[in-house]
Amino acid sequence: MSDSTQKQSWWQRLSGGLKRTSSSIGTAISDLVTKRKLDAAMVEELEEALIRADLGVDVAAKIAAAIGVGRYDKTISADEVKSIVAAEVEKVMAPVAKPLAIEGARPFVVLVSGVNGSGKTTTIGKMAALFKADGHKVMLAAGDTFRAAAIDQLKIWGQRTGAPVIASTSGSDAASLAFEALTAAKAQDMDVLLVDTAGRLQNKTGLMEELEKIVRVMKKVDPTAPHAVLLVLDATVGQNALSQVEIFQKVAGVTGLVMTKLDGTARGGILVAIAARFGLPVHFIGIGEGVDDLAPFTARDFARAIAGME
Amino acid sequence: MFESLSDKLGGILDRLTKRGALSEADVDAALREVRRALLEADVALDVTRDFVDKVRVRAVGVDVIKSVTPGQMVVKIVHDELVATLGAQSQGIDLNAAAPIAIMMVGLQGSGKTTTTAKLAKRLGDRLNRKTLMASLDVRRPAAMEQLAVLGRDIGVDTLPIVEGQQPPQIARRAIEAGRLGGYDVVLLDTAGRTTLDEAMMAEAAEVKKAVNPHEVLLVADSLTGQDAVNLARAFNERVGLTGIVLTRIDGDGRGGAALSMRAVTGKPIKLIGTGEKMDALEDFDPARIAGRILGMGDIVSLVEKAAANIDAEKAMRSAERMRKGAFDLNDLRDQLDQMAKMGGLGGLMGMMPGVAKMKNQIANAGLDDGLLKRQTAMIDSMTPKERRNPDLLKNSRKKRIVAGSGTKVEELNKLLKMHRGMADMMKSMVGGAKRGPMAGLANMLGMGGGAPSPEQMAELAKKMPGGAGGLPSGMPQLPPNFPGMPRGIPGLGGSGAKPGLGGFPGLGKKK
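Read top to bottom, the protein sequences are chains A and B. Take any residue in the first sequence, count from 1 to its spot, add 20: that is its number in this note's numbering. Take any residue in the second sequence, count from 1 to its spot, add 7: that is its number in this note's numbering.
Since the hints were made in silico from the structure, they are not lab data. A hint or two may mislead.
[To be verified] Here are the simulated distance ranges between beta carbons:
| hint | chain 1 | residue 1 | chain 2 | residue 2 | range |
| --- | --- | --- | --- | --- | --- |
| 1 | A | G124 | B | A213 | 38 to 44 Å |
| 2 | B | N220 | A | G226 | 41 to 47 Å |
| 3 | B | N220 | A | P184 | 46 to 52 Å |
Even glycine gets a Cβ: it sits at the ideal position worked out from N, Cα and C.
Sequences and hints are given; from them, build the entire structure.
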């Protein structure tokens, strides 16, 4: 159980999860540059390969331009291009690769938000397992009082991870549940409280107000809570993620991101666009459905995987 | 959903519209912007490329040169091409088969399959009077079957009793059998999703399809999906064979490029769209309507539909009649505010109006939100009937009372009164025949009645409207020619000048 084997397994997981992403971009890049001289058309094709990965037009153009600088009319190999892409992506991502530090407050309150179906509840389950393994006392709050079966789903995660779950009935007020949960977490001397919320589209004013209320009400118990507000993004999401980050940040004060479902064909490239625009920390990536399929985000691995490097 | 895209294309095409002749360079410049806008709207790269090429071929050359107004011609070509890509006409769920008709729902986890299944069942029952049985084939996700059962109870649709330990194809066969014995018209099969495209899910879906040979196989997909939408749609279409697509979360503020992508890649129609969390928020997909919205022509048809469904026709006619005479007091204003709120508030209303999308940020900056509507209503509610009829009565002490009663500020009340005065003045001038004033379109829509339509025409319109139903009379898309006043008046609201229309919202826009 040495640190290096642990790391190795995470690295394998990550590259396994991002394999399809990377191989498709990697293949695209290899197709582009095999025995060719770098010209404007090629830069444009590279840009398009990056757009296909959801990096967005601006960021893709920037990276493609960086590849072009000083290299026109030189023969360039696929590997070279990949490493330049990786370096550019890493440059953007390195400042935002920050782990979620559980410190400075007790109980440390983590509010988890996002649009419907992004994977909030599952992420909470995985985080609970992770924090437990680190020796923290973890409590879960079933704040998704809207979706049928969300409370049951979180209870199942509670059983799996051995974390107590504070829940009320479906359809009850989420803010008062959060209040109760924080009070209970304090009374029971918990280290971490993970608060689930119902999925909501960021343009639904009423629902966003409800989220704001949850934050407000928790401050009555602990003025510094929540200590972290996570926005969970699904890897398949496109440019709309920018709007999600912007509005959730405004309403709930998002402090960090989690990207889920990176184990599919979807390319998490939008994270690069988000990092470029907002500079919000990316704490975790979800790379599978298992309880331990939540990996800390590392810029270098992500960048290399995006560029299709082995 | 498409506002942002329509913003973009609207801006680009505005420039085109203002030029007399179109050179190839003009078209290229415009199309570069179109391409960028489409990509930013998450339209898949290949689809974007095809689209732009098609438009270029048609825009540069004979078509345009011969036309009188080249700019409009390009607008039309882009519009036509969008419609063609989205599907020439709307197609609903096909129910032409022997009962029980099996409809299978497939898609990724979190795309909204189960919710859509329940919405569809409710829709089939409410609108077409079909007796529907729902069955969950999700033996994998904890509590998935119970979730469908709970939803079924909520909406009053039967669900197949859960039998532990059965495999999806078995359950599907049992559902069809139960459908036959129970005299059901339709059997909806909600299959299990996965978080990502994977072989097991595809194999399972294909097996279910083989077992019961469903009449419809619908892919439920999230309209916020990015470039991956093409992979998703292609994979499902190739492995399972789709008959149609249901796009969910159209009520989000995504630009909805996924709609274009999935349609283009599979060639399968988008049949329904999910427009909200409520169980009746499932609507027909109308390509022409959406394409119009993309182009910034606004969703006039939706607006009219909503207006007809939500406006109290009698009330509207009464106030229209009053306004025709030039009378417009605070009671009338309150009715207007009320109706605006019913139609989805300022944001909802604005989003549907052509050209207005551009103003959205300005509106937000001016603090024009729906809270404003509420506060204004509260202020009017705090007045006496006499004050409402005669706002001139409102002097300092009365104002203080009203402000205290409604929890607002005197400045807000003054602003409201100013707005009312502005509107009343405009009403008067509109009676004078100036029916093309900036508010005329809106006024007509809300039944305020400038010159046209008269209350009789409003009544006509109201009769023609199926109450809230999605099915539009086929004549609706050609609405402008035979609906005097509206098409002209509404664009007037947005305007295309340097300071679009905001000033035309009297009082509201002139903050600071």
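Range hint 38 to 44 Å (beta carbons of A/G124 and B/A213) holds or violated: violated (52 Å)
Verdict for B/N220, A/G226 (Cβ pair) under range 41 to 47 Å: holds (43 Å)
In this structure, is the beta-carbon distance linking B/N220 and A/P184 contained in 46 to 52 Å? holds (48 Å)
Hint compliance for this structure: hint 1 is the single one not met.
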